[in-house]
Amino acid sequence: MAEEAPVLEMRKISKVFPGVKALSGVDFRLFRGEVHAVMGQNGAGKSTLVKVLTGVHAQDAGEILLEGKPIRPDSPFAAQKLGISTVYQEVNLCPNLSVAENMFIGRQPMRFGSIRWKELNRRAEEALKRLNVAVDVTLPLSSYSIAIQQMVAIARVLDVSSKILILDEPTSSLDEAEVERLFGLIRTLRQQGLAILFITHFLDQTYRISDRITVLKDGLFGGEYKTAQLPKLELIAKMLGKELSEFSGAAEGAAQKQKKGEATPVRAEKPVLRIRQLGLRGSIAPFDLDLSEGEVLGLAGLLGSGRTEMAKLIFGIDSPNQGEVQVKGKKTNINSPHAAMMAGMGYCSEDRKNEGVLGELTVRENIILALQARNGVFKHIPYKKQLEIADRLIESLRIKTPSAENAALQLSGGNLQKMMLARWLATDPAVLILDEPTRGIDVGAKVEIMELILNLSRQGRGVIFISSEFEEVVRCSDRVAVLRDHVKVGELAGPEVDEPNIMRTIAEGR
Amino acid sequence: MPSASSLSRNKLVWPLAALACLLIFNFFFTPHFFHIEVKEGHLYGNLIDIIKNAGPIMLLAIGLTLVIATKGIDISVGSVVAISAGVVAIMLGGDLGGVPRHPLSVALVTAVLAATAAGAWNGILVSRIGLQPIIATLILFVAGRGIAMVLTNAMVIWLYVKPFAIFGQGYLFGLPFSIYMVVGLLLVTWLLTRRTAIGMFIESVGINPTAARFSGINAKNILLGVYVFSGFCAGLSGLVVCSTVMSADGNNAGNLYELDAILAVVLGGTSLNGGKFYLLGSMVGALIIQTLTTTIYAFNVAPEISQVVKAFVVYGVSLLQSERFRRRIAGVFVKRGAVA
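First to last, the protein sequences are chains A and B. Start counting the first sequence at 1460; every next residue gets the next number (my numbering). Start counting the second sequence at 2; every next residue gets the next number (my numbering).
Only chain B is shown next, with the shape it has when bound in the complex:
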């Protein structure tokens, strides 16, 4: 008898298998891929880099998982990353001596609040005005970058506030600090959705908003909530992005991140049709994307074809997710076997 937990485990199997394939491939073909060494008390190596570089996408993917579970989409997250980075940069200021203009904590909170407000804007458009999610978030997708440019006066602001570097470059107990942010957010989100009724309500709204509403669920508030949360996640992601390069660039910070994050969610087994969602799956999805990128770099694939290689792998993993496709493949093998 398939129980709910084993079903979700089933859902994790395919993304994990894809990740394992990528790793095994690297094990054979990329020298030193699994090599990890300790330098200055930190762990170094390809695997650590993958986890560290996947951090911003993982943070975005946590928020997007819930949005996509409601059959929505939030394509503004990349731009909201830029807003968050811009806000934290102007709050800290580009002082060469590294003296922050405002206290670090105030800057961090303001940046995340700004991003959360952006999420609330999206949520209001979707839940109260009734715009289609892709259109509603398209507004900030475009305008968000504009806002970030205005914030930074269309210049790249460089930061010298040392303590701020911890989000993107710092280490704690030998591991990159951003990993703890991801794990922490993941844990909180998991508790919030699975240890309260929010998860079930989100899935109900995604499966059938009318039926959910007729059951007495306040579908509008659920929708508003997931977009606010997605903005919050983008805010955290923006801090990491800004801290990694110690600069805010309204044009490039978080550029196209929304696509990688959506891809991570889909690779992780959450359907764009809404309904059941898999937070852990989304994390595996983000790792697949990052591993792929790292592998392509490691192989010195010419940049002009690296995107094509990436596209083919993503295509393969997506097909693997499709039960119909798997059955058809299995059918081919069974027939061959019968003939032989």
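Extracted from the complex, chain A is given alone in its bound form:
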């Protein structure tokens, strides 16, 4: 069967933002009656692609063909008129208006200058019935679940006669039953011949609903595949920009190591952190986690898989709605970073600039801050003692600064990272959580940071190490917890810890 012509074709699309090449030479095709998923890690260019298509951004190069004719929408409204409709992650309707009003807002059926309510409600009901959604259209939108609101949003844009429906992360705030309901609707629409562009970071959902997948990696086109012909593992490799064949040899070796690993008994160690069923709805599914003295536990997963959410929950930045945490054998109620610190934890954020460094304070003040916060306001550390602590850490971590009294903002990225480490080392923590400590720093500093991590564990501290570079995770960690779609899907220990195993765990769970 010859392939029919695509409804939409985007050719060699490029888009440059100051300092970033968001898209370069990306191709994308969309056919009638199919669901096409665009996959990629955070920052791969998914949103930019949609924004070019919907007229939010104009492409710098390349062309868009709709039913064979070149188009260049200059606003979302223009795109809508061409038949390109978008439903965003956050429902942007009016919750206090009725379902019917929401569907026809701005184009209500009128007679003699007043709205024909009966006609309005009847048409809304019909439109929803076509999508197998039975609701009372006269009730306010807010009385229905987010899933229904999503469907109303879809019904609204479809009623404006669409050729293409773009769903941008529609499932991120839905629970499982709601997702299934939405998928039912998507399948109906697909049968009716609509072309659907589906964006999600949930791998499972992609495989459940999509017919075709386009992969983006750092703004580059990573290929277009039939979903049925692209194994999950291969998709993950492509999202990471790696060749699967690179791993196949190593994978066999790892499998052998794994067998050997099963034979060696696990050492009984002193636990410093014991987490049971800690979770927060909408952030991360309940998980168990153990950490022993002198152990480095890696958290691995794709960007947006919930690693940072997990770290923030453990450190009390977000408040969990279930679960239990024990630090050094003591049950602790951790509901704020202050409480986590008092319990003996430290946390270096992945976002050094906005969540860590206080640029206008001096290096000394930055280093002393957490220790002083632990001591409390009135147990002031004398200046001489502060300087002593700062100088000792500057020397032992080899932080390059002219003196402890220089403003922190004069330091380079790698040195700022070490300064953040110094802040927590000053408090002598039992557990240290490092979120992407090697991001955005030069290669030499990366190696130094990783050596530091190993040193910390040798001092008997438990370290939780988060990195997007699986290679780094493998090199540093004794054990690795693997995350996917905001769920902890598995754990690798000892000889099992290698890159192919991490990828396989992401793909298959355990």
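In short, the hints are calculated from the structure, not lab data. Some clues are possibly wrong.
[What the hints assert, rightly or not] Straight line, CA to CA, 30 Å or less: simulated DSS-like cross-link-like pairs of lysine-lysine:
id: 1; chain 1: A; residue 1: 1812; chain 2: B; residue 2: 12
id: 2; chain 1: B; residue 1: 311; chain 2: A; residue 2: 1844
id: 3; chain 1: B; residue 1: 311; chain 2: B; residue 2: 12
id: 4; chain 1: A; residue 1: 1844; chain 2: B; residue 2: 163
id: 5; chain 1: A; residue 1: 1812; chain 2: B; residue 2: 72
id: 6; chain 1: A; residue 1: 1838; chain 2: B; residue 2: 277
id: 7; chain 1: A; residue 1: 1843; chain 2: B; residue 2: 311
id: 8; chain 1: A; residue 1: 1787; chain 2: B; residue 2: 221
id: 9; chain 1: A; residue 1: 1859; chain 2: B; residue 2: 12
id: 10; chain 1: B; residue 1: 221; chain 2: A; residue 2: 1789
id: 11; chain 1: B; residue 1: 277; chain 2: A; residue 2: 1844
[Unchecked claim] Now the stretches of chain A that chain B is said to cover, found in silico as 3 or more residues with beta-carbon under 8 Å:
id: 12; segment: 1747–1758
id: 13; segment: 1810–1816
Note that CB positions come from ideal geometry on N, CA and C, so glycine has one too.
Add chain B to chain A, keeping to what the hints say.
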């Protein structure tokens, strides 16, 4: 190598230079400006008047410095001055013979406590409810005057309790009493912020509340604390204001003081963006404002343009604070020099 102390000295340079310019101008153009004489054992003169009249604003500016350092603002202080004045007035009573209704000490403490409670209200709105500071304090900015009016029954209460006059009119060792209040509060605040960790925590919260919280600082309590303290300062200021005129007027006591106090803090080098704060700078800022006012009076500038003159001087001093502006000016001169 710039050390922290020399940096703060640098920050003081520009406000001091502005103050010096104003004084030098007066030295040449205002007769008897620097004349100080001793009358009845007190010092009299323009300079003494400036310090005395700047007292209420200086007291407010000390509290506001800390609020502004957290990237907050407290526009209710003028109204809280009126509350404090109102409370002390009804506690003392308008008895013509000067017999206080309640003991003076009780009246003073109650007034300052009332003002501190007002500050706590602001602090709770900002730190616990999460309102934006300007909105949170706008409530008392408006309602505070209403409260003061209710307290005084919408009338001006005149006071005849002699000992109370010391706060606004009294002298100690030849100098106005209010100066000692300012110096005392300044000293206590300096010790509290610089000899404990409070100062660093306040600056951390002002620079980046998220980073401060992630470092284990209880940012909410710091925020609450600075607004409570600002209320306390406004309470003291209210005593001085009330004592100066020996009356409480809910409508006019402390009217627009919040603006002068905020201006004093900003002139003193503390940025409205929060972060590093300079208590001494704020004091110099208050003196600049008061000197300016006195100068304008001394020159008999017509009242309708006196505000404009004030505005231009303030504008100039603010520009002087901007490093970018200074560099640009310096650049112009360097270029001229090169051409010549």
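So, going through the hints one by one against the coordinates:
1. Note on residue 1812 of chain A and residue 12 of chain B: the hinted pairing holds, with a Cα-Cα distance of about 25 Å set against a maximum of 30 Å.
2. Only pairs whose Cα atoms come within 30 Å are accepted, and residue 311 of chain B paired with residue 1844 of chain A is rejected, the gap being roughly 47 Å.
3. Note on residue 311 of chain B and residue 12 of chain B: the hinted pairing holds, with a Cα-Cα distance of about 22 Å set against a maximum of 30 Å.
4. For the hint linking residue 1844 of chain A to residue 163 of chain B, the alpha-carbon distance of about 51 Å lies beyond 30 Å, and the restraint is violated.
5. Note on residue 1812 of chain A and residue 72 of chain B: the hinted pairing holds, with a Cα-Cα distance of about 18 Å set against a maximum of 30 Å.
6. The hinted pair formed by residue 1838 of chain A and residue 277 of chain B meets the criterion: a straight-line CA distance of about 21 Å does not exceed 30 Å.
7. Proposed proximity of residue 1843 of chain A and residue 311 of chain B is contradicted: the alpha carbons are some 45 Å apart, above 30 Å.
8. Between the alpha carbons of residue 1787 of chain A and residue 221 of chain B the distance comes to roughly 28 Å, so the proposed pair stays at or under 30 Å and holds.
9. This hinted pair checks out: residue 1859 of chain A and residue 12 of chain B have alpha carbons roughly 27 Å apart, not beyond 30 Å.
10. Simply put, residue 221 of chain B and residue 1789 of chain A have alpha-carbon atoms about 27 Å apart, close enough for the 30 Å limit, and the pair holds.
11. For a cut-off of 30 Å, the pair hint linking residue 277 of chain B to residue 1844 of chain A stands: about 22 Å separates their Cα positions.
12. For the segment 1747–1758 of chain A, the assignment as covered by chain B is violated, since 0 residues bring a beta-carbon within under 8 Å of that chain's beta-carbons and 3 are needed.
13. Note: the segment 1810–1816 of chain A has 4 residues with beta-carbon separation from chain B under 8 Å; the three-residue rule is met and the coverage holds.
Against the hints set out earlier in the document, violations occur for numbers 2, 4, 7 and 12.
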